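Chains A, B and C, in that order, are what the protein sequence lines are. Each residue of the first sequence is one higher than the last, beginning at 3 in our numbering. Each residue of the second sequence is one higher than the last, beginning at 280 in our numbering. Each residue of the third sequence is one higher than the last, beginning at 4 in our numbering.
No wet-lab data here; the hints were simulated from the structure. Just so we're clear, the structure is a prediction, and the values are computed from it rather than from any experiment. Incorrect hints may appear among the rest.
[Said to hold, decoys possible] With a straight-line Cα cutoff of 30 Å, these simulated DSS-like cross-link-like pairs (lysine-lysine) come out:
{"no.": "1", "chain 1": "C", "residue 1": "Lys728", "chain 2": "C", "residue 2": "Lys671"}
{"no.": "2", "chain 1": "C", "residue 1": "Lys880", "chain 2": "C", "residue 2": "Lys500"}
{"no.": "3", "chain 1": "B", "residue 1": "Lys439", "chain 2": "C", "residue 2": "Lys67"}
{"no.": "4", "chain 1": "A", "residue 1": "Lys216", "chain 2": "A", "residue 2": "Lys114"}
{"no.": "5", "chain 1": "A", "residue 1": "Lys47", "chain 2": "B", "residue 2": "Lys290"}
{"no.": "6", "chain 1": "C", "residue 1": "Lys322", "chain 2": "B", "residue 2": "Lys428"}
{"no.": "7", "chain 1": "C", "residue 1": "Lys434", "chain 2": "C", "residue 2": "Lys686"}
{"no.": "8", "chain 1": "B", "residue 1": "Lys439", "chain 2": "C", "residue 2": "Lys639"}
{"no.": "9", "chain 1": "B", "residue 1": "Lys290", "chain 2": "C", "residue 2": "Lys629"}
{"no.": "10", "chain 1": "A", "residue 1": "Lys121", "chain 2": "A", "residue 2": "Lys100"}
{"no.": "11", "chain 1": "A", "residue 1": "Lys196", "chain 2": "B", "residue 2": "Lys396"}
{"no.": "12", "chain 1": "C", "residue 1": "Lys340", "chain 2": "B", "residue 2": "Lys290"}
{"no.": "13", "chain 1": "A", "residue 1": "Lys218", "chain 2": "A", "residue 2": "Lys230"}
{"no.": "14", "chain 1": "B", "residue 1": "Lys290", "chain 2": "C", "residue 2": "Lys816"}
{"no.": "15", "chain 1": "C", "residue 1": "Lys671", "chain 2": "C", "residue 2": "Lys686"}
{"no.": "16", "chain 1": "C", "residue 1": "Lys686", "chain 2": "C", "residue 2": "Lys299"}
{"no.": "17", "chain 1": "C", "residue 1": "Lys434", "chain 2": "C", "residue 2": "Lys639"}
{"no.": "18", "chain 1": "C", "residue 1": "Lys317", "chain 2": "C", "residue 2": "Lys890"}
{"no.": "19", "chain 1": "A", "residue 1": "Lys191", "chain 2": "A", "residue 2": "Lys230"}
{"no.": "20", "chain 1": "C", "residue 1": "Lys656", "chain 2": "C", "residue 2": "Lys686"}
{"no.": "21", "chain 1": "A", "residue 1": "Lys47", "chain 2": "A", "residue 2": "Lys114"}
{"no.": "22", "chain 1": "C", "residue 1": "Lys581", "chain 2": "C", "residue 2": "Lys734"}
{"no.": "23", "chain 1": "C", "residue 1": "Lys629", "chain 2": "B", "residue 2": "Lys439"}
{"no.": "24", "chain 1": "C", "residue 1": "Lys811", "chain 2": "C", "residue 2": "Lys500"}
{"no.": "25", "chain 1": "C", "residue 1": "Lys581", "chain 2": "B", "residue 2": "Lys428"}
{"no.": "26", "chain 1": "B", "residue 1": "Lys428", "chain 2": "C", "residue 2": "Lys299"}
{"no.": "27", "chain 1": "C", "residue 1": "Lys318", "chain 2": "B", "residue 2": "Lys418"}
{"no.": "28", "chain 1": "C", "residue 1": "Lys617", "chain 2": "B", "residue 2": "Lys439"}
[To be verified] Ranges between beta-carbon positions, derived for each pair:
{"no.": "29", "chain 1": "B", "residue 1": "Asn410", "chain 2": "C", "residue 2": "Asp496", "range": "54 to 62 Å"}
{"no.": "30", "chain 1": "B", "residue 1": "Ser393", "chain 2": "A", "residue 2": "Ala157", "range": "16 to 24 Å"}
{"no.": "31", "chain 1": "C", "residue 1": "Asn143", "chain 2": "B", "residue 2": "Asp413", "range": "43 to 51 Å"}
{"no.": "32", "chain 1": "A", "residue 1": "Ala40", "chain 2": "B", "residue 2": "Gln417", "range": "41 to 49 Å"}
{"no.": "33", "chain 1": "C", "residue 1": "Asn868", "chain 2": "A", "residue 2": "Leu194", "range": "54 to 62 Å"}
{"no.": "34", "chain 1": "A", "residue 1": "Ser120", "chain 2": "C", "residue 2": "Gln847", "range": "56 to 64 Å"}
{"no.": "35", "chain 1": "B", "residue 1": "Asp413", "chain 2": "C", "residue 2": "Glu119", "range": "47 to 55 Å"}
{"no.": "36", "chain 1": "C", "residue 1": "Glu119", "chain 2": "A", "residue 2": "Ala157", "range": "32 to 40 Å"}
{"no.": "37", "chain 1": "A", "residue 1": "Ala40", "chain 2": "C", "residue 2": "Asp496", "range": "35 to 43 Å"}
{"no.": "38", "chain 1": "B", "residue 1": "Gln417", "chain 2": "C", "residue 2": "Asn868", "range": "55 to 63 Å"}
{"no.": "39", "chain 1": "B", "residue 1": "Ser393", "chain 2": "C", "residue 2": "Asn868", "range": "55 to 63 Å"}
{"no.": "40", "chain 1": "A", "residue 1": "Ile99", "chain 2": "B", "residue 2": "Asn410", "range": "54 to 62 Å"}
Where is the CB? At the ideal position from N, CA and C, for every residue including glycine.
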Amino acid sequence: MINKWFKHIGLVIALLFSAVCLANGGDELATQVQQSDAQIWAQLKDGAQGYTTSQSEFHAQPINTYDLRVLALRSDWLAPALMAALFGMIIIFVLFIKVNGISKLHHGFSGKLVHRWSKFDVSIHWLGAIPCLLLILTGLTLLAGRFFFQPWLSAGIWEAIVYGAKQIHDVMAIPFMIGWALMTTLWAKNQLPKMYDVKWFLVVGGYINFGPFKGKHPDAGFANAGEKMWFWAFALFGLVISASGMLLLFPNLFEPSRTLSLIALVLHSVSAIVICAFSIVHIFMATVMSEGGMECMVSGYCDENWATQHHNLWYDEIKANGTLKYKE
Amino acid sequence: MATMKFLCDTKRCIECNGCVTACKNENDSALEWGIQRRRVVTINDGQRGEASISVACMHCSDAPCMAVCPANCFYRTDDGIVLHNKDACIGCGYCLYACPFGAPQFPKKGAFGSRGKMDKCTFCAGGPEENHSDAERQKYGANRIAEGKLPMCAELCATKALLAGDAEVVSSIFRERMAYRGAKNAAWN
Amino acid sequence: MKLTRKSNIAPVADKPALGISRRQFMKQAGIATGGIAAASLMGTGMMRRVEAKEVPHDAPIEVKRTICSACAVGCGLYAEVQNGVWTGQEPAFDHPFNAGGHCAKGAALREHGHGEKRLKYPMKLVDGKWKKISWEDAINEVGDQMLNIRQESGPDSVYFMGSAKFSNEGCYMYRKLAAMWGTNNVDHSARICHSTTVAGVANTWGYGAQTNSFNDIQNANAIFLIGANPAEAHPVSMQHILIAKERNNAKIIVVDPRFSRTAAHSDLHCAIRPGTDIPFIYGMLWHIFENGWEDKTFIKQRVFEMESIRAEAKKFPPKEVENITGVSEEDVYQAAKLMADNRPGTVIWCMGGTQHHVGNANTRAYCILQLALGNMGVSGGGTNIFRGHDNVQGATDLGLLFDNLPGYYGLTSAAWTHWTHVWDLDMAWVKSRFDQTAYLGKDPMTTPGIPCSRWHDGVLEDKSKLAQKDNIRMAFFWGQSVNTETRQREVRDALDKMDTVVVVDPFPTMAGVMHRRKNGVYLLPAATQFETHGSVSNSGRSIQWREQVIEPLFESKTDIEIMYRLAQKLGIAEQYTKRIAIENGLPVIEEITREINRGMWTIGMTGQSPERIKLHTQNWGTFSNKTLEAAGGPAKGETYGLPWPCWGTPEAKHPGTQILYNQAKHVKDGGGNFRARYGVEYKGQSILADGTYSKGAEIQDGYPEFTADMLKQLGWWDELTAEEKAEAEGKNWKTDLSGGIVRVAIKHGCIPFGNAKARCIVWTFPDQVPVHREPLYTARRDLVAKYPTYDDMQVHRLPTLYKSIQDKDLSGKYPLVLTSGRLVEYEGGGEESRSNPWLAELQQEMFVEISPADAADRGIRNGENVWLEGAEGGRIKVQAMVTPRVKPGVTFMPYHFAGVMHGESLAPNYPEGTVPYVIGESANTALTYGYDPVTQMQETKASLCQIVKA
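Only chain A is shown next, with the shape it has when bound in the complex (with noise of 0.2 Å):
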């Protein structure tokens, strides 16, 4: 389906047609090709299947069609973009701490930690979560790297990185959708949007620290707005890097035609930089701009003073149903 859709948004290929054109002697011959000639073209020019002594994969047909455009998609727009995903990312967060601040505590570390966490939660997060940095890094590599790596270094050296870059994706992509299927499925029912997520973003989570913005501190539960938004946002663009990933790894598994390979690359490419991007904010929110964030997925805790700031609704609820569980 979808590959037949995309190839109606190119028939015309500039390639296919220079190629075919050369094998017809040019243009200038092309009135004079007999009539079964230009049938003939016709018919591999539409993709014609034939027979062929050679076993090998997508050889029975000669000339296989596709939207051209998508190669420059890749080079010109979404290697770029990953590059800013990652990037781009970080030099804005790096700013925007340096210009607004962290969010700290305001009653500083109370000392006594809420349990917030499983222990299995923490070890789901981290099996998608270490997986996903690498296959960020890895990824960018092969997507990115050509441009924007290879001029700096020797050959030897590239070859090392891409290939040690193919077979560390490769071998990533199984935990990390290990992790991302656990995640969605078992986090999903706290991550239901709610009334108030709408004005945590009118206030910007209250991270910011100057202007209207300053000291506000809006209503979130066990996930904040900001939270859910990653969090579905993860799972959608973690199905279909997943999914489109899978694709890739197991072509001999799904057997996918040579242009639902090439969409399924674009799509992944498109996937990683949303969850690139994401996931750079996620690291920031957690580790420096929010004070005592970090320490929910290492013990699986959080301060009390923490959970009522950014959390007070689910710290009312587990208070007011007596789930509220501290650190023995």
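Dock chains B and C against the given chain A, drawing on the hints supplied.
Okay, now just chains B and C, sitting in the frame of chain A:
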């Protein structure tokens, strides 16, 4: 500088597979069972309209494989021949997806998408290694271009359907044939 | 970058060394010895030779001119040899036949220098295990066994199966070996290839060979292919066919049950029902006569008894032809009209026409079509009969046949006298070698032997029904794959029953592995033609010289060496090589060529001395790709390869005859006319030509063949020298070894063989004119009554069945017509080509082509396995290829596969390391009985079968 191209005259091609085994013969040291750098495809097989065409790497001017390769392992020679560096190849298969002609092939078909180093037609021009070195022979096969010869497939074509060489020369040969066919047709119809 | 090649001439080594230098030889010998030593320690699989990839690129290159060993087009190529290893193959753009082109097989030729799957040393089957033996033991044991059988059962119980892969010299020496052993039980694959052509065509106008040349097809305005698929079987010939199509707008008509690769390039394709060639041709002739398209002058002057044909053709009006052949009335008319409108037109046929139980009649019908159209003896016309194997023309010429001595002299006492004279032997001695008793009234020395197609009947048939003393008890399979013979189950039984089986071949072949024996099989490794030198005749009668490319691989020996050693063992070596010099313990090949020249007067294979052949091959670039003639150079004015007849002695410098029976040329320049071969009159009517003669002939009318007496009558006798007179006295042009009669005849512009009409009736054949007879196994039972086959009869030494087979109606149980043919990747029985990885990779599965309708009826999908059962019950398991290429009701199989029988692999029977890359069921396991009454050609093109899903 010349621009090297292949051209297959479907009116002449008889699917004798001479080009396929010529390639096997000449590039024997670099090829293994199952890899056919060149193949002949016959459409409408067994019925009116049957036509065969010999297909391999077309050494495109804007080669999609080159554009899509993550390792940037392709390069173009001064003669317009698209070659690749097997040492840099990571076996991702993107070139296979991008190539309209199905030219790139991979020796392995393992699970986990491990494919090994890509192989494709070199226009009998070897690869980045030193001309005629053992490394070149074992990785890429023959280097006839360095000897002033053209690719074996075209040189051995039984009916001279497959032509190789400078684009202008090749198309002028073809143009001459077309003129013969066209003129006679005009006279007879 | 230079666009053209730096040089059109292949690079030549600094030292134009003939053979290899001493240093190289030492180097190579070291490798070989090491290999053998290692092999004896490690067993077969470990045997190793130096590989091309191990030779340094800059090692000095020796360039050898050699000829492809696949089909009979005779493509030339340059083989590059470094350090004794065949490292490169370069196109011979300057070769007149192929201009550098090759098909899959030719392009993979260099693999012969690898020979991974070859037989490595002599072997013997002992208690079911292959055991390595020495050459001495092998020759001794085989020789002793021969002598033993000779003692008990006579010389006719040893069978000499030969090969179309031998050089001319090899063919000649093999026939001579059989003769001196004392038997006519010698034959080769021409029996099952073009034997019907040779018989049918020779009996029509004189010679049973391709009348024109591949290159001459470029001059045709119409090309009529019947039972031929050159795109797969002779791909390089398509170069010339397609040039004719492009340059002359030649019309291409393909008559074939399948829409073949050749049909894809045709203007008209007529899918006849297999076995209906004769009604199709009569259908065309009906239109030709009806519309007055025949060449009346030509017929009057040069054709005998066209009236009988006219009468026969009347029986085949369009409706009847459509009913029999399955081709529409319109298409038959079109075929006739295209041929009539576009003259000259050429007719090309191959196995589709010959391999029928009416094969000889088929070939005569094709000839008659050309005679009616007046297309004979002209450039662009003729019958271009494409021979199959690289030297099948030479093997046929040199009498590797059960009914002939070299040169088609037959087996009469006169023929024996002639050859005994050539050999310089005593007739009494030669005669003493044969069984002196007559059997069933037939004298063994002058009675044709047992044919290649039916040697197994010679083993299995009741002794009392054989016209020889005993059954065949021992057979040599020398370069012949027995899987090319029909009735494989009987072939296997025969292999089981014989005392001893001897395979002499580069590969074990089916004779070595398909039997169920535990003992008594010898495998002797023969070298290929690239490991020796000698001459080879292409289909167009041109002779080329193959240079030796490499030394024999492993422990293999050349054919001629093995023959000579056997002769020594048998105690006949002295007579065997009486006129042939021995050097280094082996006959000198050039001397053999000269002995051939000494005796081959009938076909004019007398002028092609080794020196002249080599001169042509070494200067092939000086011959035109269009005319085959050299405009300049050392062979100026000659035709490439001196196609026979190349009249007279080498010194006469005859240029060769590219186009047979061409009256527009002087005989000294390669002209001619139809041969006076059948006397001067028939039933009171003259069969000599009527007021027509070749250019420059002093006898300006028909004349009989030249004899000494005739020269005297003409007053030309005194033009002979005294020596010539002494030799020629009482002889004729065919038996005068001095060549004087030939010389004087040509001097007067006359052709030595006389000037007669071509004949449309052959009074010595079962059918005087071609008669349609339904195949023995036919699906059209309704036509059997009207077009029945022959009555059963005794043909030479064997009883042969016809009517008793056709009478059984098996069309219900076996409703599908079964036919067979070639694939471009493989050749013959395929043992060699399936052992070539570059080729084998391209065709890995034996298959049967079945139409979508028949497949749907049987629930068979493309690529599924099916059981195919032939009409005699042979069952094979193959893959279905569902394709519109065949019409509903017709199935097709390639015949190159073997190594699997009844679904069971024969791989365990091969010596270690010799199993070909690809094995499969042999089509001939399912194919059935049926033999041409004249030549014993087997029927492989029209049988019946049933197919079920496996």
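Each hint tested on the structure:
1. C:Lys728 / C:Lys671: Holds. C:Lys728 to C:Lys671 sits at ~22 Å (cutoff 30 Å).
2. C:Lys880 / C:Lys500: 26 Å, holds
3. B:Lys439 / C:Lys67: With Cα atoms ~24 Å apart, B:Lys439 and C:Lys67 stay inside 30 Å; holds.
4. A:Lys216 / A:Lys114: 27 Å, holds
5. A:Lys47 / B:Lys290: 17 Å, holds
6. C:Lys322 / B:Lys428: 58 Å, violated
7. C:Lys434 / C:Lys686: 36 Å, violated
8. B:Lys439 / C:Lys639: 28 Å, holds
9. B:Lys290 / C:Lys629: 21 Å, holds
10. A:Lys121 / A:Lys100: 34 Å, violated
11. A:Lys196 / B:Lys396: 52 Å, violated
12. C:Lys340 / B:Lys290: With a Cα-Cα distance of about 25 Å, the restraint between C:Lys340 and B:Lys290 holds, given a limit of 30 Å.
13. A:Lys218 / A:Lys230: Distance of about 19 Å is within 30 Å: holds.
14. B:Lys290 / C:Lys816: Outside the cut-off at roughly 43 Å; violated.
15. C:Lys671 / C:Lys686: 34 Å, violated
16. C:Lys686 / C:Lys299: 23 Å, holds
17. C:Lys434 / C:Lys639: 45 Å, violated
18. C:Lys317 / C:Lys890: Holds, at about 28 Å.
19. A:Lys191 / A:Lys230: Holds - the C-alpha atoms of A:Lys230 and A:Lys191 are around 11 Å apart, at most 30 Å.
20. C:Lys656 / C:Lys686: 40 Å, violated
21. A:Lys47 / A:Lys114: Judged against 30 Å, a Cα distance of about 71 Å means the pair is violated.
22. C:Lys581 / C:Lys734: 23 Å, holds
23. C:Lys629 / B:Lys439: 15 Å, holds
24. C:Lys811 / C:Lys500: 29 Å, holds
25. C:Lys581 / B:Lys428: 50 Å, violated
26. B:Lys428 / C:Lys299: Violated: B:Lys428 and C:Lys299 sit about 54 Å apart, past 30 Å.
27. C:Lys318 / B:Lys418: 68 Å, violated
28. C:Lys617 / B:Lys439: 28 Å, holds
29. B:Asn410 / C:Asp496: 54 to 62 Å: Holds: the Cβ-Cβ distance is about 59 Å, inside 54 to 62 Å.
30. B:Ser393 / A:Ala157: 16 to 24 Å: For A:Ala157 against B:Ser393, whose Cβ atoms are near 23 Å apart, the range 16 to 24 Å holds.
31. C:Asn143 / B:Asp413: 43 to 51 Å: 46 Å, holds
32. A:Ala40 / B:Gln417: 41 to 49 Å: Given about 44 Å between the Cβ atoms, the range holds.
33. C:Asn868 / A:Leu194: 54 to 62 Å: Since the Cβ atoms of C:Asn868 and A:Leu194 sit about 57 Å apart, the hinted range of 54 to 62 Å holds.
34. A:Ser120 / C:Gln847: 56 to 64 Å: 57 Å, holds
35. B:Asp413 / C:Glu119: 47 to 55 Å: Cβ of B:Asp413 to Cβ of C:Glu119: about 21 Å, so the range 47 to 55 Å is violated.
36. C:Glu119 / A:Ala157: 32 to 40 Å: 37 Å, holds
37. A:Ala40 / C:Asp496: 35 to 43 Å: 58 Å Cβ-Cβ, so the 35 to 43 Å window is violated.
38. B:Gln417 / C:Asn868: 55 to 63 Å: With a Cβ separation near 38 Å, B:Gln417 and C:Asn868 fall outside 55 to 63 Å, so the hint is violated.
39. B:Ser393 / C:Asn868: 55 to 63 Å: 31 Å, violated
40. A:Ile99 / B:Asn410: 54 to 62 Å: 57 Å, holds
The structure does not agree with the numbered hints 6, 7, 10, 11, 14, 15, 17, 20, 21, 25, 26, 27, 35, 37, 38, 39 stated previously, though it agrees with the rest.
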